Every structure is written in structure tokens, then in C-alpha cells.
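Residue numbers (this note's numbering), protein chains in the order written: chain A, 1344 to 1704; chain H, 1344 to 1704.
Please keep in mind that the hints were generated in silico from the structure rather than gathered at the bench. None of the values given here were measured: they were computed from a predicted structure. Among these hints, one or two may not hold up.
It does not matter which identical chain is used: a pair holds within one copy or between any two.
Straight-line Cα separation of at most 27 Å, DSSO-like style, residue types lysine-lysine; simulated pairs [claimed, not checked]: (1) 1633 to 1663; (2) 1698 to 1630; (3) 1663 to 1523; (4) 1630 to 1663; (5) 1663 to 1698; (6) 1633 to 1690; (7) 1633 to 1698; (8) 1523 to 1682; (9) 1690 to 1530; (10) 1382 to 1682; (11) 1698 to 1656; (12) 1633 to 1684; (13) 1471 to 1516; (14) 1682 to 1658; (15) 1689 to 1656; (16) 1633 to 1482.
If you want the building blocks of each chain, they are given just below.
2 protein chains.
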Amino acid sequence: MPNNNTYVAIMAGGVGSRFWPASRTARPKQFLDILGIGKSLLRMTFERFLELCPAENIFIVTNGIYRELVKEHLPEISDNQILCEPSRNNTAPCIAYTALKLQALNPHANLVVAPSDHIILNEANFVKSLQTALDFTEKNNALLTLGIQPTRPDTGYGYINYTKTPVEGEVHKVLRFTEKPPLEQAKTFLESGDYLWNAGIFIWRVESLLASFAQHSNEILTVLGAEPEHYNTPNEQAYIDRVYPNTLSISIDYAIMEKADNVYTIPSSFGWSDLGTWGSLHAEAEKDEKDNVTNLGPNLLFNVSDCLLRAPKDKLVVIKDLENYIVVDEDDILLIHPKGKEQEIKKITEELGLKFGNNFL
Amino acid sequence: MPNNNTYVAIMAGGVGSRFWPASRTARPKQFLDILGIGKSLLRMTFERFLELCPAENIFIVTNGIYRELVKEHLPEISDNQILCEPSRNNTAPCIAYTALKLQALNPHANLVVAPSDHIILNEANFVKSLQTALDFTEKNNALLTLGIQPTRPDTGYGYINYTKTPVEGEVHKVLRFTEKPPLEQAKTFLESGDYLWNAGIFIWRVESLLASFAQHSNEILTVLGAEPEHYNTPNEQAYIDRVYPNTLSISIDYAIMEKADNVYTIPSSFGWSDLGTWGSLHAEAEKDEKDNVTNLGPNLLFNVSDCLLRAPKDKLVVIKDLENYIVVDEDDILLIHPKGKEQEIKKITEELGLKFGNNFL
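Sequences and hints are given; from them, build the entire structure.
What follows is the structure in C-alpha cells.
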């Protein structure tokens, strides 16, 4: 039963450069039907939250260049539900902007902040964890981040060290965060059983969050909160366009979570993947008998295994003797890359920018 | 100094299926600028023979579906110089057709028959060998095939066993032919020094050739020579369309060369390649510092070596960690195939035909 104080902010401003060349500046990953099931990741994320609150309580935080794409993918939301950052200043400023805007709408707002481009296989467990979290933050001045039970010593994630004795029900106190540890450390974390992955899914009352901003990162509040009368008025975008570029570019983790002492987590298990790389898509998606993940139309594959293969539906793909590669054929780009090294694809996009400008990004 | 009895027949009816997917039924290899130098292989072959005889003595033997392509690539030749087989009956029938047609034009015709899709790097040596051959066949009832000094135990070629003592100048008697020997045999051939590659470049007087047909393969002459009055008239094509499908489908090697005892060769060296496969193109073409042969537009290659890479000029190609592969990106087809196994590409096209009909051939 939806609570009218429950709000969701879906973060949809990223570029998804590790999913290049499918994910491009003009149409990043969250707007793609990356799993080939007929819905974009953003659309799936939005529909998932309809279990938690009505559509009018769901806000999309994105970059100005994606406003029209958001409206296209989510036709049921109003213009006032789309928050557009005029510059890319990382997560702390856009979360602060969201909090200030919602505070002006409803001072009792209890907010879920979540990425737009993750996949969640067990939606029932997901909603249950969120409901438990919202119940806790409703009653407490708490910053809560969902923790994922880790299944491998992944060096691409942030880790949450937490106390094993819960403070209440399934809610545990967070001791500290460790961003992208080296492999040996990640293995130790996994073995200890005291660590969770940080999924970047936050739950807090707007009031609690703004109090933390005031305490730990007041510069951002000073910049964005100078003229609060503009929020939820026709002047909001012009105001944001004017002041937002003056905020610090800093993540919510550095700005608040690593400094605050009222941070909590709920160890969760709901089939989560951040789909951060082609490799993680390969890990999550349905495979053929040779462990290939493909969206191919006509094809002949001989001795091809453990590959991720994407091409336009009407293109014939013939491959012989290939193992553990990513092959992505877009209209104007062909990528052939070892799957184990797909973290390097982000670097490739940087090199492309230097060499060819924005032509292929 | 061109001799008015010198004629050339360029065989341009092949499909080039081992060069798939660049070579397609609708536009096979001989019509492609496969080396990226601005001219098709057919055009290069035609221009090469202008050293030997005037354009009006050069005839193109092709399949009916390529008549317009031939005219497009060789606008200076007349319709009567394009011979169109209505069905694919291998080389003996189309060479017999050419001989009968030329006999009706000039009973003293001294003819070079050559493929349209080979490359020849040293044109001066090539013309010199041909001139020597033409001088010999002018005076003798001889069937002459140019022999290439072999450089490796290639199992894809036919081999010529010849007597080391010349019968005259550089002309030697041929003892026997061996088609595509196993590797061990090919190695023995190479070591013995008594073998040459058969390049499929033949020189003979039309009179000598027709005499051999009468002796060894008279069925073909009977079919094609029944109504010789039609040759070089407006009725020629209708006549050929009617009788040609009744000829045996047999190669000139089996029909004549392996049976005749007046076969000669000239051991030659003129930088020849039949460009039979992608691998042979890689062997002949200009390479970058990592032994890649590419025609790419924008690209980033990391740790890519010994590859043949083709893509549309405006497509970005990004490849990491690939060695000894063929990557061919056509508009509607992507092929990724180990270079050492490119003889198998012909088999792939057969499988494609069974699976998808002619859609991609």
C-alpha cells in the first residue's frame, strides 16, 4: 500500500561509456533495450518502482540533453518530474537538488534514490527490502544504503563493512566504505562475511539528508538552496542552469556517506547487477549451449564460445574459432574486444575522443 | 609490336566464393577493387593485355548475368567481344566456344586464355613470357601453359611436372599434371625442382586447340560446332543459349591438357598470385608494421597482428588482442574467421546457401 510520503528519484544522467559502442552520448545505456526484451532499462526501473508509490511521486534526474528521451520512454510523467542538471557534477549536487525540490513539495518526503540502468531479477525481494528501509528511515534520522551479498571478489564495486548484529530487524549499522579494493583485499572482504557491495540505492528522509548535507557538505546546499522559492515553479530550470555549475563535482559517497555516522544498511539479495560492463551483461543474460549471449539475426557460429555478440537484426554474422570475446557491430562502429578486459573499453572511448572528437561517442 | 593474329580471352565468369563476403554472386571478385588501388581486377587484367594486342582483339568470357558489369568496367570493348555462357559448365565448354567464335573471325588466331582475377606484379616479365609462348605456338601445333616457379608447398594449386631440358629456348615439354596434391607430395615436388604451379594461363593457336578438342573431347565440339554460321552474327547468343547447356561440365585440364601429348610450358616468374583466398591477398598486399593488411577508415587497433581487416570507409573499427584473423565487414555481413583456415570459407558459403538461400551469396 503506497505511502503518500514515499518518493523515488531515478538517476538517469550517465553516459555508460563502458557499454560503448551500444551506449553512446546521444543514447546512453539506460535508454537501450540492452537485454533485448522490448523495454529500456529506464522503463524497467520506472515500472519496478510503481509497486512502491504512484507515478507522480517518481522523479527522473538526468542531463538536459536527455529530457526528450526521458519523456519518450516515460510518457506518463509530467515535465515537473524531470530534473535536468545543466552540467555533469557527479552525484552529490544532483541528489541535493532533488532533496531541495522535494522538501519544497513535501517536507515529510521519504525518498529512494536509485540508478536507472541496473537490473533486478527478484522484484518482490527488492520491494520488500525497500519497504523495510523506508519504514526505518521514516522513524529514524538515518541514511540507508542497500547492501548486496557479494558473490565474487569483484574489484569494480564499492564495499560496505557492517556490524553483524542488527540495530533493528534487518537493519545494520555501517562501519565504513571501501571503494574498488585491490583483488587481494576484495578476497579478504568476501571471506570475512562482514562486507556487502554498495549498490548505490539509497533511502532517507529528505529532512535527514539535508541535515547531513548541512553538516558535511554545506557548500553544495549554500549554492543550490540560495533561492529556494524557485523550486517547482516555471523558473526552476533557469535557476538551476544558473547556479548548478557552481557546485562542487563530488560523489554522494565522498560528500556524505563516508563522513556521516548515521549510516545503515540492509543486507539484501534480489538478483542485482549494475550491468556496468559488457562482461556483466554476459554474466546476467540468457546464454546458448556454448555460453554465448547473442542478439543475432541470421548467423553461423563455428567453435564460438563464451562470447557476447551483438549486431543489427538483418545482418548476417559468421564467426569461426572465437572464445571469450565481445563483438558489437553498430551501424557505424565495429568493436572486437576480449571479454575479460572490458573495463578497458572506457579508456578506449577516452582515446577515441582525443583522436576523432565526439564523432563516435 | 602487336601481331594481328594475337587474341586474348579473359575468363571472367567465376563467383570467387572463397573471397566471400566481399565477393558475391551479384558482384564477384573480378569486379572488385580488391587491392584498394582504384581499379577492379578485371580492369587491371584487361590493361595488362593491351601490351600484347589491340583492345578489339581482347574478348571477355563471362556469365550472362555479368554482361552489364563487364561493359561498365571495360567501356571500350564492343558487345561482340563479350561471350556469355548461359550456364556454368566449367572451363572446357567456354574455351571451346571462344575457339569456335575466333576461328570464324580469323582461322590463324593465336590465343592467350587467362583468368580475370589474378594479380601479376612484374608485367614486363609476364608480357615477355607470353610473347615467347605466342612465338612458339605460332610455329608449332602446341598447347602451352605458363608455369610458375613454386615458392611453397601449396596444396591448393595444380602442379606441372616438366622435362628440364628445353625443347627450344625457354619452352619445355610437360610430362604430367597433378591437381592439388597432399602436403607431403607437394613438399616432394618442391624439393625435386621438376615441378611448376599451373597458373591457368594458356597459349595456343585456335587451330591447334580445336584439333585437340576433336581428338580428346569431341562431344563438346559436336554440340557447339553444329551450326557454326551463327558465330559473330546477331544470332550467336540465341544459338549459344540453346546449345551450350547440352555441353559436358568439365574443366579444360581434364578435357584436354591431361590427355594431349603436345603440351608445353615456360617456367616463369612474374610475381603471380591467383588471389584465391583472403590469405593470398594478405600475402600479396602491403602490410603495416604489425603485418596487418587493412583498408580501414577510422580505427584503433591494440595488439592486432597478422590480420586482414576490411570495413566500409566511414565505419570506426576498434579491435583489441587479435592475431591471424580475417575480419570482413560488409553492409549486410560480418565475417570473423581464422586466416589459416580460409579455404573453409567456400564451405561456409555452401552452408549459407542451404540455410538462407541466396540472400547472402
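Could you figure out if residue 1633 and residue 1482 sit no more than 27 Å apart (CA to CA) within one copy, between two copies, both or neither? Cα proximity of residue 1633 and residue 1482: none, with 51 Å in one copy and 65 Å across.
Indicate which option fits the pair residue 1633, residue 1684 if close means a Cα-Cα distance not exceeding 27 Å: within, between, both or neither. Answer is both; intra-copy 20 Å and inter-copy 21 Å each pass.
Is it within, between, both, or neither for residue 1382 and residue 1682, if the alpha carbons may be no more than 27 Å apart? within (25 Å within a copy, 39 Å between copies)
Between copies, within a copy, both or neither: which fits residue 1689 and residue 1656 at Cα up to 27 Å? Close inside one copy (26 Å) and across copies (24 Å); limit 27 Å.
At most 27 Å between CA atoms: does that hold for residue 1630 and residue 1663 within a copy, between copies, both, or neither? Close inside one copy (18 Å) and across copies (23 Å); limit 27 Å.
For residue 1682 and residue 1658, with the copy left unspecified, which applies at a CA distance of at most 27 Å: within, between, both, or neither? both (22 Å within a copy, 22 Å between copies)
Could you figure out if residue 1633 and residue 1690 sit no more than 27 Å apart (CA to CA) within one copy, between two copies, both or neither? Between. Shortest inter-copy distance 22 Å satisfies the 27 Å Cα cut-off; intra-copy 29 Å does not.
Between copies, within a copy, both or neither: which fits residue 1698 and residue 1656 at Cα up to 27 Å? So residue 1698 and residue 1656 pass the 27 Å test across copies only (17 Å; inside, 30 Å).
At most 27 Å between CA atoms: does that hold for residue 1523 and residue 1682 within a copy, between copies, both, or neither? Result: close within a single copy only, 20 Å intra versus 40 Å inter.
27 Å Cα cut-off: does residue 1698 pair with residue 1630 within a copy, between copies, both or neither? Between copies, since 22 Å is at most 27 Å while 36 Å is not.
When Cα atoms must be at most 27 Å apart, do residue 1663 and residue 1698 count as within-copy, between-copy, both, or neither? between (31 Å within a copy, 17 Å between copies)
Are the CA atoms of residue 1690 and residue 1530 at most 27 Å apart within a copy, between copies, both, or neither? Cα proximity of residue 1690 and residue 1530: one copy only (26 Å, versus 48 Å across).
Hint check: a violation occurs at hint 16 only; the rest are consistent with the structure.
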